[in-house]
Amino acid sequence: MNIRIINAQEITQTVKKLFMDCNFFIGTDITDALQNAWQKEQSPVGKQVLSQLLENNEIAKNEQLPLCQDTGMSVLFVEYGDKVVIDGGNFKDAVEEGVRQAYCDGYLRKSVVSDPVFDRINTKDNTPAVIHTDIVAGDTIKFTVGGKGFGSENMSAIKMLTPSYGEQGVIDFILETVEKAGPNPCPPMVVGVGIGGTFEQCALLAKKATFRPINTSNPDSRYAQMENHLLQEINKMGFGPAGLGGNSTALGVNIETYPTHIAGMPVAVNICCHCARHKTAII
Amino acid sequence: MKEITLPLTDEIIDTLHAGDSVLLTGTLITGRDAAHKRLYELAQKKENLPVDINGEVIYYVGPSPAKPNYTVGSAGPTSSYRMDKYTPTLLDMGLKGMIGKGARSQAVIDAMVKNHCVYFAAIGGAAALIAKSIKAEEILCYEDLGTEAIRRYTVEKFPCIVVIDSMGNNIYKTEPLKYRTMRNS
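Which chain is which? The protein sequence lines are A and B, in order. Residue numbers for the first sequence follow our numbering, so the first one is 1 and each next one is one higher. Residue numbers for the second sequence follow our numbering, so the first one is 1001 and each next one is one higher.
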C-alpha cells in the first residue's frame, strides 16, 4: 500500500493562505455577476450600489484589505485522501493553526465567541473553525474554505418538507425564505439550497451550495432549471442592491441534492451575501 | 448628494427625507450587539452610561483590525435589526441618528418619530471602500469587547442613504414595490 506523508506545517500554511485569499480576493464568478447585474439594473440607486461594490472589491484586491469587515466564521470542506498520513502534528491542530495565523497575521476580524448562550467571550483568533471532513480514495487533501458572514447566515432556514409538497413546495419554501430575508442579508445575495438527506445533511448541502461558483449549474438538468427559475423569481421581488429597490436581488441560486428517506423531503436555504467568499486548494 | 455635518441638529434632521443620498462629515460613535446590551442594562438600572449618547449618531459596525499605516480596518455596517430590542430606550435618552443596514421594527420606527430621529443605511459589504472615509478613531469604552468596543470615528464624506426619516417614511417598504413584478404571496 502506498501512503503519502504530508507535513502538518504544509496544512497550516495552505489553510492560512486560503483564508487570507478568500477575504481579499473575490472570485471572478461574483465579479462577473455584479458587472452583469450593473448592466441590467433599472434602479439608479441600485446601479450606484453595484458600482460601489465593484469599487470595494477592487480596493480590497489592490490593498489586500478584507472585502467585508465580517470576515466570517471559518468553514472548511475537506476531502481527505485515505492514503495520507500526517507527520509533525495532527490534522485538526494544523487546520486550527492555519485559521489562527490567517486571522491574526492577515488583520481579519475575530468574530467567534466561546459559548453561544452564556459566556459569549471572543476567542480572539477566530477559532474554532467548522470543519467538515470526507474520507475519499486518494493521496491528496482538498480544501474548500470560506469565511461565512452572519448577516446572511442569520437569514437561513430549514424545513422538513414531506413528499406530497413536491417541486412547488420546495420552490415556495425557498422563495418564502428569501422574501423574509428582504434587505437584511446584503443583497444581491447568493442562495445556497440543500434538498434531501437527513436534517443535518440537508443543512450541509445548502452550505456546500453557497461554496459552488455561481457560474456553474447543477448537473441534473431538472435542478439546473429550478436554479434558473428561482433566480428569475427572486429578482422579481424588487429588493434590489442593498435592499434599496431594484432588479438585482440575487446573483445566483445553487442547489445541491442527496438521496433521502421515503417519508421525507427536507429543504435547507443557506443565504450568503454578495461577498460569497470561497477558495480551493489541493495538496 | 447632500453634504451633512455631524453631530445632527433638529434643523438638519428636518431636511433629511427617506431616499436622500448623503455624505456625512464630522464625528459619530460606534456600537453593536454586545455594547448595546451593556448600555441598555445600565439604562434599565438608571445608571450613568460610560458614553454620552445625547445628540449622537451611532454607527453599527464591528471593524476588522487596522493594518499598519491604516487608520481603521474594513468597516461596513452590520444588520440593524439586532439592535431593535435596545434602540427605543437609547432614542428616548437622546440618540439622534443611526447608521446600519436592513429593516427596523415598528417599535424602533415609532420611537424615531416620537424623538425626531433618522436612520441611515450604509452599503453592506462595501467595507474597504467605507473605511476610506474614516479619518480618525478613538476607543471610548468597552475595550474588552474587541471589535465591539464603542469607538469615536471622525468621518469625511461617508456615503449613506436616508432610509427611514423622522416622519417615519421608510424606503425599504416603498422602493422595492416599484420594482416588484412577481405575484404577491
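Honestly, the hints are just simulated from the structure, not real lab data. Here the structure is a predicted model, which means the values were calculated and not measured. Please note that a few of the clues may not be correct.
Interface residues of chain B toward chain A, partial, derived using beta-carbon atoms under 7 Å [said to hold, decoys possible]:
{"no.": "1", "residue": "Arg1038"}
{"no.": "2", "residue": "Pro1050"}
{"no.": "3", "residue": "Val1051"}
{"no.": "4", "residue": "Asn1069"}
{"no.": "5", "residue": "Gln1106"}
{"no.": "6", "residue": "Ala1107"}
{"no.": "7", "residue": "Ala1111"}
{"no.": "8", "residue": "Val1113"}
{"no.": "9", "residue": "Gly1124"}
{"no.": "10", "residue": "Gly1125"}
{"no.": "11", "residue": "Ser1133"}
{"no.": "12", "residue": "Tyr1172"}
{"no.": "13", "residue": "Lys1173"}
Where is the CB? At the ideal position from N, CA and C, for every residue including glycine.
field: When the least beta-carbon distance from asparagine 1069/B to chain A is tested against 7 Å, hint result
entry: violated (11 Å)
message: Less than 7 Å between beta-carbons is the criterion; does valine 1051/B satisfy it with respect to chain A?
response: violated (20 Å)
task: Mind checking the CB of glutamine 1106/B against every CB in chain A and telling me if the closest is under 7 Å?
output: With Cβ-Cβ at 15 Å, over 7 Å, it is violated.
message: Next item in the hint list is tyrosine 1172/B. Is there a CB on chain A closer than 7 Å to its CB?
response: With Cβ-Cβ at 5 Å, under 7 Å, it holds.
- request: Return the status of the interface hint for valine 1113/B: holds when the least beta-carbon distance to chain A is below 7 Å, violated otherwise.
  value: Hint on valine 1113/B: violated, closest Cβ of chain A at ~20 Å, above 7 Å.
- prompt: Hey, does the glycine 1125/B contact hint survive, CB to chain A under 7 Å?
  reply: Result: holds, 5 Å to nearest chain A Cβ.
- prompt: Given lysine 1173/B was flagged as interface, is its beta-carbon under 7 Å from a beta-carbon of chain A?
  reply: violated (10 Å)
message: Restraint: alanine 1107/B near chain A, CB-CB cut 7 Å. Satisfied or not?
response: violated (17 Å)
message: Let's test the interface hint: is any C-beta of chain A closer than 7 Å to that of arginine 1038/B?
response: The hint is violated - arginine 1038/B has no Cβ within 7 Å of chain A, the shortest such distance being about 12 Å.
message: Does glycine 1124/B hold up as a contact with chain A if the rule is Cβ-Cβ below 7 Å?
response: holds (4 Å)
field: Minimum beta-carbon distance criterion (7 Å), serine 1133/B to chain A
entry: violated (12 Å)
message: Does alanine 1111/B hold up as a contact with chain A if the rule is Cβ-Cβ below 7 Å?
response: violated (20 Å)
Consistency with the previously given hints fails for numbers 1, 2, 3, 4, 5, 6, 7, 8, 11 and 13, ordered from lowest to highest.
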